[in-house]
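Protein chains: 2
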Amino acid sequence: MQDNMSENDTDEAERHRAKMAKRKAVQDAEVASKTIAKGLLMINTGPGKGKSTAAFGLALRSLGHGWRVGVVQFIKGRATGEQAALESFGDRVVWHTAGEGFTWETQDKARDIAACQRAWGIALGLMDDPTIGLVVLDELNIALRYDYLPLDEVVAKLTSRRNDLHVIVTGRNAKPALIEAADLVTEMGAVKHHFSAGVKTQAGIEF
Amino acid sequence: MQDNMSENDTDEAERHRAKMAKRKAVQDAEVASKTIAKGLLMINTGPGKGKSTAAFGLALRSLGHGWRVGVVQFIKGRATGEQAALESFGDRVVWHTAGEGFTWETQDKARDIAACQRAWGIALGLMDDPTIGLVVLDELNIALRYDYLPLDEVVAKLTSRRNDLHVIVTGRNAKPALIEAADLVTEMGAVKHHFSAGVKTQAGIEF
Numbered sequence: 001m002q003d004n005m006s007e008n009d010t011d012e013a014e015r016h017r018a019k020m021a022k023r024k025a026v027q028d029a030e031v032a033s034k035t036i037a038k039g040l041l042m043i044n045t046g047p048g049k050g051k052s053t054a055a056f057g058l059a060l061r062s063l064g065h066g067w068r069v070g071v072v073q074f075i076k077g078r079a080t081g082e083q084a085a086l087e088s089f090g091d092r093v094v095w096h097t098a099g100e101g102f103t104w105e106t107q108d109k110a111r112d113i114a115a116c117q118r119a120w121g122i123a124l125g126l127m128d129d130p131t132i133g134l135v136v137l138d139e140l141n142i143a144l145r146y147d148y149l150p151l152d153e154v155v156a157k158l159t160s161r162r163n164d165l166h167v168i169v170t171g172r173n174a175k176p177a178l179i180e181a182a183d184l185v186t187e188m189g190a191v192k193h194h195f196s197a198g199v200k201t202q203a204g205i206e207f
Numbered sequence: 001m002q003d004n005m006s007e008n009d010t011d012e013a014e015r016h017r018a019k020m021a022k023r024k025a026v027q028d029a030e031v032a033s034k035t036i037a038k039g040l041l042m043i044n045t046g047p048g049k050g051k052s053t054a055a056f057g058l059a060l061r062s063l064g065h066g067w068r069v070g071v072v073q074f075i076k077g078r079a080t081g082e083q084a085a086l087e088s089f090g091d092r093v094v095w096h097t098a099g100e101g102f103t104w105e106t107q108d109k110a111r112d113i114a115a116c117q118r119a120w121g122i123a124l125g126l127m128d129d130p131t132i133g134l135v136v137l138d139e140l141n142i143a144l145r146y147d148y149l150p151l152d153e154v155v156a157k158l159t160s161r162r163n164d165l166h167v168i169v170t171g172r173n174a175k176p177a178l179i180e181a182a183d184l185v186t187e188m189g190a191v192k193h194h195f196s197a198g199v200k201t202q203a204g205i206e207f
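Each protein sequence line maps, in turn, to chains F and U.
Taking the working numbering, the leading residue of the first sequence gets 1, the next gets one more, and so forth.
Taking the working numbering, the leading residue of the second sequence gets 1, the next gets one more, and so forth.
Calculated from the structure, these hints are not laboratory results.
Everything hinted at is true.
It does not matter which identical chain is used: a pair holds within one copy or between any two.
Capping the alpha-carbon separation at 27 Å, the derived lysine-lysine pairs in BS3-like fashion look like this:
1) K76 with K175
2) K109 with K24
3) K200 with K157
4) K109 with K175
5) K192 with K175
6) K200 with K38
7) K38 with K192
8) K38 with K157
Hey, can you work out the whole structure from these sequences and the hints?
Laid out in structure tokens, this is it:
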């Protein structure tokens, strides 16, 4: 930008300012219209990447506000970077890996069901802990999809949780009844995926 | 499950095992077919929640593998929970908030452009730092959408970065040229959003 602004530049700057002032008024009115504060039931679903990743990002954000966070992994059994990183927050993160890998790894339905029931029991305990502000139920959608847990009971317990508790559920193919009960549902769509271009699973990206 | 499994139960368990063994073979072949390891250019876009959140989840995952992470915020100027939480990783996280809020906050286009140019300069420095494994360019898509930065130059610099560097770009309305250059593009779709139900912006959830 030149020191001596031309008249056109000045006009354009003024038009921009007026447009943005108008937008700010709309934005401020919108913000003012929202008054409810409550714990949210959130779902990250869809075929794209970012469902669990965003849930752990939310855990990080919560930790930054001084909360305690509970995590239950229903399916995945593998140690991950996020688990290692969250260890630096000590007992402010309660982490449970109840899963033993995907269902094609165990090849044992009874064992998968038992692992999911164990995970759900742990989840209920975390949801009852008043010191915890956010509970991450990672891949719970997978457990529900395979009918490894009773959907009605899961939805009932999630909706009757205490009013200030945030819960985030991840996994593809979220059940309609869970979507119905949720406050926030994000569908991660895969516009483009590096696996299709022959790129393998890499540390720091997939786990 | 009963101690004495009926013949039906045994049959069903065996069918499950056979089906999962087959699926595992398919899965293993798929994994084996992917052999490329490289730094990825990733984009989180779309109207739904989780774009920046997943980028910070990825930062967390990278930190768990011992990497250093660089973050540049192009638009947002507000202090966030994720920023506070990432401070516990000391100098393994290099954080720059170059933005001063959304464009309707500053109402000054020249100032917004200057802030974006400053942010881009910082981003280039981080991308050149060989000790950094992941660079988060938060809301860069917004800067590009408003033409606050030259798209051609940004795409050229991103695609010519060193081979092992991962970069993640967030923000709505990713430019087609950037999508074309990317390895991974996820579109966050808003199936359901709590703002529509009058819930306000809350600590730990939105910031």
